[in-house]
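Novice: For chain A, the structure is supplied; the task is to place chains B, C and D with the ligands on it using the hints.
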Amino acid sequence: MDGLSVKISSLKLKNPVMVASGTFGYGEEYAQLIDLNELGAIVTKSITLKPRLGNPQPRLWETQGGLLNSIGLQNVGLATFVDEKLPYLQKYDTRVIVSIAGESVSEYCQLAQALKKETFDALEVNISCPNVQHTKKGLFAQDKDLSYEIIRKAVRLSHKPVIAKLTPNITDIGIIAKACEKAGAEAIAVVNTFNAMAIDLKTKKPVFKNIVAGLCGPAIKPQALYKVYEVKKAVKIPVIGMGGIMNLNDALEFIITGASAIAVGVGNFVDPKIPINIIKGLQHYIKDNKIGQLKQLVGSLDAK
Amino acid sequence: MDGLSVKISSLKLKNPVMVASGTFGYGEEYAQLIDLNELGAIVTKSITLKPRLGNPQPRLWETQGGLLNSIGLQNVGLATFVDEKLPYLQKYDTRVIVSIAGESVSEYCQLAQALKKETFDALEVNISCPNVQHTKKGLFAQDKDLSYEIIRKAVRLSHKPVIAKLTPNITDIGIIAKACEKAGAEAIAVVNTFNAMAIDLKTKKPVFKNIVAGLCGPAIKPQALYKVYEVKKAVKIPVIGMGGIMNLNDALEFIITGASAIAVGVGNFVDPKIPINIIKGLQHYIKDNKIGQLKQLVGSLDAK
Amino acid sequence: MLQAKCRVVAHHLLCSNYYKLVLQNRSMASKAKPGQFLNIKVEKGFDLLLRRPLSIHQIKDSHLEIIYKVVGRGTEKLAQVKAQEKIDVIGPLGHGYALTEGKAILVGGGTGIASLAFLAATLKNKYNQAPIVLIGARNKEDLLCSEALEKIGCTVKVATDDGSQGFHGLVTELFREMVAIFSTHPNMVYACGPLPMLRELVKLCRHFRIPCEVSLEEHMGCGIGACMGCVVKGTKGEYLRVCKDGPVFNANEVVL
Amino acid sequence: MLQAKCRVVAHHLLCSNYYKLVLQNRSMASKAKPGQFLNIKVEKGFDLLLRRPLSIHQIKDSHLEIIYKVVGRGTEKLAQVKAQEKIDVIGPLGHGYALTEGKAILVGGGTGIASLAFLAATLKNKYNQAPIVLIGARNKEDLLCSEALEKIGCTVKVATDDGSQGFHGLVTELFREMVAIFSTHPNMVYACGPLPMLRELVKLCRHFRIPCEVSLEEHMGCGIGACMGCVVKGTKGEYLRVCKDGPVFNANEVVL
Ligand SMILES: Cc1cc2nc3c(=O)[nH]c(=O)nc-3n(C[C@H](O)[C@H](O)[C@H](O)COP(=O)(O)OP(=O)(O)OC[C@H]3O[C@@H](n4cnc5c(N)ncnc54)[C@H](O)[C@@H]3O)c2cc1C
Ligand SMILES: Cc1cc2nc3c(=O)[nH]c(=O)nc-3n(C[C@H](O)[C@H](O)[C@H](O)COP(=O)(O)OP(=O)(O)OC[C@H]3O[C@@H](n4cnc5c(N)ncnc54)[C@H](O)[C@@H]3O)c2cc1C
Ligand SMILES: Cc1cc2nc3c(=O)[nH]c(=O)nc-3n(C[C@H](O)[C@H](O)[C@H](O)COP(=O)(O)O)c2cc1C
Ligand SMILES: Cc1cc2nc3c(=O)[nH]c(=O)nc-3n(C[C@H](O)[C@H](O)[C@H](O)COP(=O)(O)O)c2cc1C
Ligand code: FES
Ligand code: FES
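From first to last, the protein sequence lines stand for chains A, B, C and D.
Position one of the first sequence corresponds to residue 35 (my numbering), numbered consecutively onward.
Position one of the second sequence corresponds to residue 35 (my numbering), numbered consecutively onward.
Position one of the third sequence corresponds to residue 195 (my numbering), numbered consecutively onward.
Position one of the fourth sequence corresponds to residue 195 (my numbering), numbered consecutively onward.
No false leads were slipped in.
In silico EDC-like cross-links for lysine to aspartate or glutamate, where the CA-CA straight-line distance does not exceed 20 Å:
1. A/K171 / B/D206
2. B/K307 / D/D282
3. A/K243 / C/E411
4. D/K271 / C/E270
5. A/K238 / B/D322
6. D/K276 / C/E279
7. D/K280 / B/D305
8. D/K238 / B/E96
9. B/K236 / D/E412
10. C/K271 / D/E237
11. C/K280 / A/D305
12. C/K238 / D/E270
13. A/K307 / C/D282
14. D/K238 / B/D305
15. C/K238 / D/E237
16. D/K280 / C/E270
17. C/K238 / B/E96
18. D/K438 / B/E62
19. C/K238 / A/E96
20. A/K170 / A/E137
21. A/K170 / B/D206
22. D/K438 / B/E118
23. C/K438 / A/E118
24. A/K324 / B/D234
25. A/K171 / A/E137
26. C/K263 / A/E96
27. A/K46 / A/D127
28. D/K199 / B/D69
29. D/K438 / B/D305
30. A/K243 / C/E432
31. D/K238 / C/E237
Read the hints as simulated data drawn from the structure, not as lab findings.
So that you can see chain A by itself, here it is in the shape it has in the complex (with noise of 0.2 Å):
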């Protein structure tokens, strides 16, 4: 397996596979499908100061290849999470990295100072939910400025590996990217889901009632491939890329266009074995191909 390992930044996994935030709750469930030591990582669902009841229902809504959802962060709250379900983690033999998202500032750095003396991999920064209020005038991840002060709060706060998760609602992602990198993320998770909204025929309602939901799967793989993309260009610091992965083709794109690590976000939805399918495709992939390590594809793109 050694020739799948990677490094993110100083963090170290023994694959690239991670689980995405939001879609492997705190990995107990699918603990009974699959066995969560062969992943490279697990990031939690995104946890709050306090627990969040979320958006009202429905939620989640299907679209031709793709799925909308607006969760709006439910979660148990740093309190329970840290008492219940960091421990049970803790007992595998993967990365554990913790998602947290705040509603101001101060909240990351509760959050970040909070979590400093608990055990665990990586701190993912997820200033880019498209489910919950964020600034009036949009995501975190929108406005360098406060991107760049969260992480760096959360960078000295936490003795953490941080890594930034952005979004792709925006014009140009580097100068974001770019701003998190100052600030010490050790790494960039790209992307969260794209804004997006569906309605009800019937009723001439938006399904959602914050009208916007947040669209992933295949339908947004090609573009989710070229904000990693552009990310890459962007800066020097790893590249956690994500955003429809369904099988190894699609987790090679991504490594090869940049990508250190990459995430399964739906697709555990879809088949809970996708992650470690693409972990046994990646073992033979080398191996076929004679690539000594794995780390060797990434950013291999020949972009003439």
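Specialist: Showing chains B, C and D with the ligands alone in chain A's frame:
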């Protein structure tokens, strides 16, 4: 058929179903398969001052529920368009909307000026093609000042209603829509294609020479719909909606969300009868639902 | 809960657009409880991304039976699966009906009767008392399971919207009449069906002070409790997961 | 050019993963010329958005025959279409082979032979002279059309990559040997097959000064000339549409 007529500011259409620029050529080929007289409007392939070679092949790549294109505005150029293509279209009892694309503000001006004396119904100003170079920083439609300037000049120089065609690759499309409204645009066309890419795993090269290409089709529909919603909120002028419209329900979703007219793009490739089927479907829909005038539906979204 | 590629033992049209699907999987079958469901991948590709949740209608040895109605693209694709093919299934999932001894009335609307039939058989086996079953259907063509239920000894009453069989009207009206003429109330009501039916039924049960369990439906993402996608509002103000906290809830737990 | 829902008259596996599809449509059949193609919608939904272009292999009265190889998702879906079903077809499309009297050699690689068989039959009918046909295949299992071509009187020579039938090597090497031993050159070469084969063949034709027509493939959008999606570089520097200016081009017109 009268119940279907809509007004795009000063432009009256017999029905709200148009065919989108670049997917219908100059109408000649499709005339062999459908009756052009039935369409609400035909938007021509964007024309440039000089004939354009376009981008190297491959130019198309299918994705899950979508299509990537990198045509690069291959077109016959203004002179041939005026001499050979426009006269052909003038024979039909449908609105002819001429789409123009320039490499600079001055080229847009020359195009608008040159077309002044020609007979057609509206000018669509394409400031959003992702497959050609605009400014060093990006697309014209990603810059509110340039968008304003181009549209303002087009409005001044042309005596035709001007439609601004915007890009979805932007943090806040409302800002650009407002700039175009202020500049005198009579309508906003939303959206052009989404930035995306594909790579060929065998060669590890990007599929497209330009790397980036434009994604369209059902895959983007939920995103396009949300862009229409955002633009509708931002401006008072009519919106022309497009992005993955393949059938009656899709068209109704855009109309209810706020589009006064809709356009079928890649749907023409899938089935050239789609625009006609939508028109027929709308007729039945208003009859069955006892809606006197289709325009009553425009923007009827019940967002609480 | 497990994931397996299950062989389709049989698959056929029951009536109008209702199908019965029989799957082979011993370990799933042995674990299944009434009210639980399977989450089924209906196609190989990703055109339709999500699995489709369908209740377990019956267990026969290593066979799991499903009854479903074709209502959209997913169930259309499912209907095309042929016997002997394999389909990817996760299950059994969710929290089923709480079995209680005593006189029970089961109220099913539409395909809701599918999971109640499994419950009826289980109650009969466990307590040797077959429940009363009220079935609501649009018309007699859409009527499911009534004969099978009678065979196991249930008293079956039918309500059809068009009066083509049994009581002419809603199954909830039939329920009200039934309870009003009973000398003793049932100890328990179990219900599965469309939301308006459940709402009305819960209202009636409150009125008659009969405990009631309802099986709910929501669009599902993961189907196993991880994504918080399938929630229903709980009476304490929190959101409960239909896939894991339900699909069967005590009527007092949820706001319908 | 017309669009129609054509009935599938027959559809079956020919060999390895090659299929023959027979469609019924009198007006399309009566218009079809060798080298033209049909643009076929392979599924009802929009999972695969685009139609698939496939050459016309043969016309028999009102029937249009296609020979295709399953290479990806689209052709896989097509292979599932059953006889008597209807599929949506646009055609005949494109600019076919220019018919010329005299000695012709047809060079086909893989499924490329499908359209050349139509050409051979047409040349034979029109000029009463059956052409020489060189067929390249990976092995004898993949060999298509040779018997049918012999039946209409063609001299058929086969080249297989593995030597399992005929000449052991590339069909272009076979061509070179053929021409080198001919006392007179053919008047015309028509070719359809993979790009490397066409490149090599065009080089040889230049060398021997034989006019040559090649049938090209490109990913297609509209398939009718409107979108500029399917271009190939022309020798004058312009981009030509495979779907309308081709698929058959004179070798001098295009840069391969
Ligand atoms: C726990 C549970 C048990 C069920 N048991 C049965 C059963 O035994 N028999 C039966 O016929 N049906 C049952 N259903 C409903 C069944 O899941 C839906 O009819 C089916 O998912 C519709 O899919 P579709 O693609 O054909 O329809 P579409 O309407 O096209 O589906 C679009 C999307 O909406 C979701 N969806 C649509 N209707 C429902 C619904 N009622 N509940 C949840 N999601 C929905 C689909 O899963 C899909 O994601 C059950 C639902 C749940 C939640
Ligand atoms: C004018 C013309 C005539 C053809 N005639 C035949 C024929 O008679 N028999 C036959 O077997 N094949 C023929 N082909 C090739 C055939 O169109 C492709 O094999 C088919 O489209 C592959 O689709 P897929 O989804 O199975 O493969 P995938 O590779 O999954 O297709 C992905 C995409 O690439 C496109 N594509 C893939 N390969 C080709 C190709 N070679 N040419 C054009 N587009 C391609 C598909 O249309 C689709 O958009 C012809 C192609 C053209 C352009
Ligand atoms: C149901 C659901 C919940 C999600 N919740 C979170 C979350 O809490 N935090 C976060 O950073 N991303 C969240 N995401 C986004 C995913 O982590 C991922 O970025 C996105 O879905 C794109 O990947 P995919 O196409 O593979 O799903 C969520 C996605 C889904 C579908
Ligand atoms: C092949 C192709 C060529 C296009 N060319 C143009 C163009 O020249 N000018 C333009 O404004 N938009 C062009 N577009 C964008 C479409 O007009 C439309 O905005 C987009 O495809 C979204 O709609 P759809 O999803 O229905 O295709 C092109 C799209 C395609 C697929
Ligand atoms: S469907 Fe994911 S929690 Fe219920
Ligand atoms: S496919 Fe559109 S021009 Fe050829």
